[in-house]
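Taken in order, these protein sequences are the chains called A and B. In this text, residue positions in the first sequence follow my numbering: the first is 1, and each later residue adds one. In this text, residue positions in the second sequence follow my numbering: the first is 1, and each later residue adds one.
For the record, the hints were derived by calculation from the structure and aren't laboratory data. Note that the coordinates shown come from a computational prediction; the quantities given were computed from them, not determined experimentally. Check the hints yourself; a few may be wrong.
Taking lysine to any residue pairs in the SDA-like style, the calculated list, with each CA pair at most 20 Å apart, reads [claimed, not checked]: (1) 31(B) - 142(A); (2) 31(B) - 153(A); (3) 139(A) - 39(B).
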Amino acid sequence: MKRLLFALLCLLSLTAHASEPVATTADATESENFNPGEMILHHIGDSHEWHWFSMGETHVTTYLPVIAYRAGSGLSVFSSHELAEGKVHEGLKLEHEHLVSTDGAKVYDFSITKNVATLMIASALMLIVFITVARGYAKRGTAAPRGIQSFFEPLIIFIRDEVAKKSIGPKYERYMPYLLTVFFFIWFSNLLGLLPGGANLTGNIAVTLTLAVITLLITLFSSNKNYWAHIFATPGVPKALLPIMIPVELIGIVVKPFSLMVRLFANITAGHIVTLSFISLIFIFRNIGIAPVSLAFGLFIFFLELLVAILQAYIFTLLTAMYIGGAVEDHHDADYQMGGGDGAMPAKAH
Amino acid sequence: MNIVTPDLGLIFWQVVIFLIVVLLLRAYAWKPILSSLKERESSIEGALRMADQAKLEMQQLQAGNEKLLAEARMERDRILKEATTMSNQFIEQAKTKATEEGARMIEQAREAIRNEKNAALAEVKNTAAQLSIDIAERILRRELTDQPAQQQLVDSYLKEVKLN
Chain A
1 MKRLLFALLC LLSLTAHASE PVATTADATE SENFNPGEMI LHHIGDSHEW HWFSMGETHV
61 TTYLPVIAYR AGSGLSVFSS HELAEGKVHE GLKLEHEHLV STDGAKVYDF SITKNVATLM
121 IASALMLIVF ITVARGYAKR GTAAPRGIQS FFEPLIIFIR DEVAKKSIGP KYERYMPYLL
181 TVFFFIWFSN LLGLLPGGAN LTGNIAVTLT LAVITLLITL FSSNKNYWAH IFATPGVPKA
241 LLPIMIPVEL IGIVVKPFSL MVRLFANITA GHIVTLSFIS LIFIFRNIGI APVSLAFGLF
301 IFFLELLVAI LQAYIFTLLT AMYIGGAVED HHDADYQMGG GDGAMPAKAH
Chain B
1 MNIVTPDLGL IFWQVVIFLI VVLLLRAYAW KPILSSLKER ESSIEGALRM ADQAKLEMQQ
61 LQAGNEKLLA EARMERDRIL KEATTMSNQF IEQAKTKATE EGARMIEQAR EAIRNEKNAA
121 LAEVKNTAAQ LSIDIAERIL RRELTDQPAQ QQLVDSYLKE VKLN
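Bound-form chain B, shown alone (with noise of 0.2 Å):
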């Protein structure tokens, strides 16, 4: 039986052609070739890693934006209303002042009448003082004269007190 019984020449350049193909194709084909497909595969793997976090950060920053968007709608809510009871107190202030100053105003409006009106009577007094001492100068002198005269006088002069 020829074809099982190995022949020693073809072993032998087996082994040696077949060790020499194995060392030259590591070196020469192998190892560069799945260093270069290790290299491809990882840079695949990077590139989407980085893709899936470009696009979380993508989504965090939507976030970020939406939430300053919230805060800037609630700060402005806020200064809205801040300015609204602002002006509300100044109003009110506003108000409160003029009322007061209108008060204190009538008031011293009241006082100038009244201290008018008090010297406009202290003035009435003293005429009607002025008056009866001049009356009665007159009627002293009258008396002196004559009793009928004395007494017409004086009711003339009293006819134009009620006059005046």
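Bound-form chain A, shown alone (with noise of 0.2 Å):
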């Protein structure tokens, strides 16, 4: 839906750009020429505004609002509406899509941007969503489900029993809260990000930053002495060897949550990049001829995506429970041991 519209917008503003008078030769082939890079590099990014679409000249936008603190002159809060077209507003102008100061000061950019709100948004949905899930269970008490309450039942079960359970074992029941919120954090925001106007949330480095940060903090914190003694005493490895192996495995604990931010974020921001190339193949070629061709992809990623959606979500929350499973284990099989290392390592290994 996002790349019919986009392509119906794209070719109504290349129209409005053709019907123009052309002023100088230089800005005719400026205008004209597409450059699908930056094009998509904008539409994956975030931004200060958010740009529904343009007809013509007429730009359907929703400025949200700037919040930027600098040492010197404090909290500014204004709507970005006031930097729109490269205007200056309390010293503050964008580029490129960064606010900076004019006078060079180190800003510090608390923007809600078009990430933060649909992060606003995507918080907001599951509020009402899993608030009402759960008054269907206050109000039925132990009778079958109804409603919503089915559909996202049987979600909630598997995350317990197959995610949960199998990977945590029985002290599951403390990390349920976080693994169930991530699921259906990241589901929702790839979905959101899915509609069209909608901001790519997910395929965003500092979102999935931040949710491996929390998992790595989690799992950290939830650690016992066997996590320790793995890596600080690999059993059946060679004292000698050790040297060797301490850094290794310090090194994967850093390296677990940063696959899991960069997976998520180049998997949920390739998929947008696929589809918006699909599209973009029409104003390359500049044939309405290939559009058929370049939808029928782009549907297909589409749909592909949708898929993505909830695999990355249940990949995160899998990959999370079993790092905090590693964590919280209690005593390790023979056969874990013989294998040396973490045992589950090449079934976690994704």
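Two chains, two frames, some hints: make the complex.
Structure representation (structure tokens):
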């Protein structure tokens, strides 16, 4: 849908450009030169205003609040409309969607950007949906689930039984709120990102970084002595190899969440880039004939992305549960120790 | 490379909002949902266990019933057997008693007959003696008168006796 709309809009803006009186040849080539890379990067990146669509010269945009802090001038809060089209406001201006100060001072940008707004929407949606589901349980007690409750119940049970119980073991209950929240947050955000005009929230490295760091902190704070024993005195490894093994294991602690961060970011961003690239083909070839092909591929990728949306949420949750499981595990089986290092790693590696 | 540099602002908002969402959902959604699910699962499990137990109890009850029935049947057989034995015994006893009684009565009758016979014989003897005495008396009286006549008389009396 996003692609359809986008194709339509691009077509409309192109025709608008074409009908404009051409001032200079240089200008003409610049305005007609379609740069797919820039367009795609702009689309998957964050921005201070929510640009829905443009029709000719009319831009339908929601201006979001800018919140910036500078050491000298303190906090500035104003609408991003003040910064539109390169305008300068309170000594701040936007340079390639980056808030910079005209006097060169360091700017701490806490603006409600498009991604922050999407984050709020996703959070509000989750609160509404799951508090409604919880109310269903309160109302019906132990009776069979109905409505929205029966849609989410299998997913919740799946996360509990197949992810948490299997990966963490008997101590799973403490981690259920985080696992469920992270699963549904990623899934909802992924789906919101697929909506027309939606922001690429889970394809933003800051978001995946935060989630990965939270997972890392939970893992570290719930780790027991077995976990550290495995790192500093890996069973089954000769003492002479420990100077090599310890740094490797220590790096492993960071690599696990790093892989979580990159996996989610790359999967979602790649999906967006691929769909946008298919649409860009129309403009690269400057031929309407290519449109059906692009649309077919775009649609295919879109459905693939719907699958990826839940798949990535599941993978992130599963791996988080496995890392936590590795940290809280009480004892290791004999064959576990025989393998050396973290015996579960081959299975965990994705 | 803009897309791989994390924005501080977004990290800030992500941390704040995500943690709020986790805490809110934990309090108002996940805990009630998970506890309800647990409750429901345990109630289903309990119901299943109860059904199993009821089935077992039914089976036990049925087995008990059969046992009771078998016992009752055995009891009936026993009673019947006892009754038959008892009745046989009674009949036997009655028979024995009757035979004994019969024998006793026959014996009594015999006794009575014997007594009667003895009495009769005694009477006959007495009568015969009386007759002999009478005859002797009469003979003695005749003797005194006539010899032939006496002889005749004795003969006639003797004849008389034989007739008796």
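Status of each hint after checking the structure:
Of the supplied pair hints, the one linking residue 31(B) and residue 142(A) holds, its CA atoms being roughly 15 Å apart against a limit of 20 Å. A C-alpha spacing of about 13 Å is found between residue 31(B) and residue 153(A), which places the hinted pair at or below 20 Å, so the restraint holds. A hinted pair counts as satisfied when its Cα atoms are at most 20 Å apart, and residue 139(A) with residue 39(B) qualifies at roughly 14 Å.
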